[in-house]
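Asker: Just so you know, the protein sequences line up as chains A and B, in that order. Taking the numbering used here, the leading residue of the first sequence gets 1, the next gets one more, and so forth. Taking the numbering used here, the leading residue of the second sequence gets 1, the next gets one more, and so forth.
Misleading hints may appear alongside valid ones.
As the list claims (entries may be wrong) - A few chain B residues that don't get close to chain A, going by computed Cβ distances all over 10 Å:
id	residue
1	V12
2	L21
3	G28
4	D30
5	D56
6	L66
7	E68
8	G71
9	K78
10	Q80
11	E83
12	L84
13	E85
14	V114
Claimed, not checked - Straight-line alpha carbon distances no greater than 25 Å define the calculated PhoX-like cross-link-like pairs of lysine-lysine that follow:
id	chain 1	residue 1	chain 2	residue 2
15	B	K44	A	K107
16	B	K51	B	K78
17	B	K78	B	K15
18	B	K41	B	K15
19	A	K70	B	K15
20	A	K107	A	K73
21	B	K41	A	K107
22	A	K70	A	K55
23	A	K78	B	K51
24	A	K107	A	K78
25	B	K41	A	K73
26	A	K73	A	K55
27	B	K44	B	K78
28	B	K78	B	K54
29	B	K41	B	K78
30	A	K78	A	K55
31	B	K44	B	K15
32	A	K73	B	K44
Keep in mind the hints are simulated off the structure, nothing from the lab. Given the structure is predicted, the values throughout are model-derived calculations rather than measurements. Note that beta-carbon positions come from the ideal geometry of N, C-alpha and C, so glycine has one too.
Chain by chain, the residues:
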Amino acid sequence: AQTVTQSQPEMSVQEAETVTLSCTYDTSESDYYLFWYKQPPSRQMILVIRQEAYKQQNATENRFSVNFQKAAKSFSLKISDSQLGDAAMYFCAYSWVGRDDKIIFGKGTRLHILP
Amino acid sequence: EAGVTQFPSHSVIEKGQTVTLRCDPISGHDNLYWYRRVMGKEIKFLLHFVKESKQDESGMPNNRFLAERTGGTYSTLKVQPAELEDSGVYFCASSRWTGGQETQYFGPGTRLLVL
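Chain B on its own, in the form it takes in the complex:
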């Protein structure tokens, strides 16, 4: 069984540019989460999809961040325009939907550097 995959693994962009991160969850996992770790700080929750619906987007920092999960499969996280403070590692995780706490399986992360 393939794990959670994320693309790209690294991205270096200039301030003001746009970047789109992609996450492919484990097949059959309805839950999909985005997290972010800024250098030296905690991994912070961004948002949670159940299938194609946003269950919780309370962690999204501002309206420069847009997450989508069309068709309930893969998800994209777009940052437009990127700012210096957006640099960090963006993790995606997925889990089955059972109504309870299921193990979240994490992807390897996308390392974003905004110059």
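The following block holds chain A by itself, in its conformation from the complex:
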């Protein structure tokens, strides 16, 4: 069965610094999607970034980028120039391609931004 593991329950980073959140996953599929979702306190979960496994190029969205290592089944999220608004719970997630598109989530990493 597919699983997603986030080994860091909490992290802190100084404002304006860079932080990397770790994620590993397990699957026997060759093609799939990986996601990072962000849930700020008391607010809705939103998609931060999405990676398609067949694409070798790492996805980027402004200050957010991923390091996708398919052989190692690793999918880390790098946040550059951290801002106070980045404080949130971050969920790494996986979904299949071409079949049902339910999402498998990790337990989440709570990110604190220190002013």
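Let chain A serve as the given structure and place chain B on it in line with the hints.
Answerer: Using the frame of chain A, we list chain B on its own:
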């Protein structure tokens, strides 16, 4: 464009009572998903509607949970009778139906506490 909305935002009930959660997806989104996060654990998939049809209900924990989506618009998730282990945050998400992996937009969740 209004986002996914969920009602109520919080619910506190006693064991054995019934609770009904409601989700209004984004207008025009045929896909509707229910997920649940029990304290300290992963967000887990419950079920998936395409319009009014249940596409996948493999994540429903037991027959105390009943989901409906009459008319293919809003959905309800009823828990009857509620047990202590049903406490958690229930998320709803919606997406367009294109046959592929479309971004799922999440609601703010309903926090259910069963005493």
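Asker: Each hint: holds or not?
Answerer: Here is what the structure says about each hint:
no. : hint              : result
1   : V12               : holds, 17 Å
2   : L21               : holds, 16 Å
3   : G28               : holds, 17 Å
4   : D30               : holds, 12 Å
5   : D56               : violated, 5 Å
6   : L66               : holds, 19 Å
7   : E68               : holds, 19 Å
8   : G71               : holds, 22 Å
9   : K78               : holds, 21 Å
10  : Q80               : holds, 24 Å
11  : E83               : holds, 23 Å
12  : L84               : holds, 21 Å
13  : E85               : holds, 18 Å
14  : V114              : holds, 21 Å
15  : B:K44 with A:K107 : holds, 10 Å
16  : B:K51 with B:K78  : holds, 18 Å
17  : B:K78 with B:K15  : holds, 14 Å
18  : B:K41 with B:K15  : holds, 21 Å
19  : A:K70 with B:K15  : violated, 45 Å
20  : A:K107 with A:K73 : holds, 17 Å
21  : B:K41 with A:K107 : holds, 6 Å
22  : A:K70 with A:K55  : holds, 10 Å
23  : A:K78 with B:K51  : violated, 37 Å
24  : A:K107 with A:K78 : holds, 18 Å
25  : B:K41 with A:K73  : holds, 21 Å
26  : A:K73 with A:K55  : holds, 14 Å
27  : B:K44 with B:K78  : holds, 17 Å
28  : B:K78 with B:K54  : holds, 15 Å
29  : B:K41 with B:K78  : holds, 22 Å
30  : A:K78 with A:K55  : holds, 18 Å
31  : B:K44 with B:K15  : holds, 22 Å
32  : A:K73 with B:K44  : holds, 21 Å
The structure fails hints 5, 19 and 23 (numbered hints given earlier, in ascending order).
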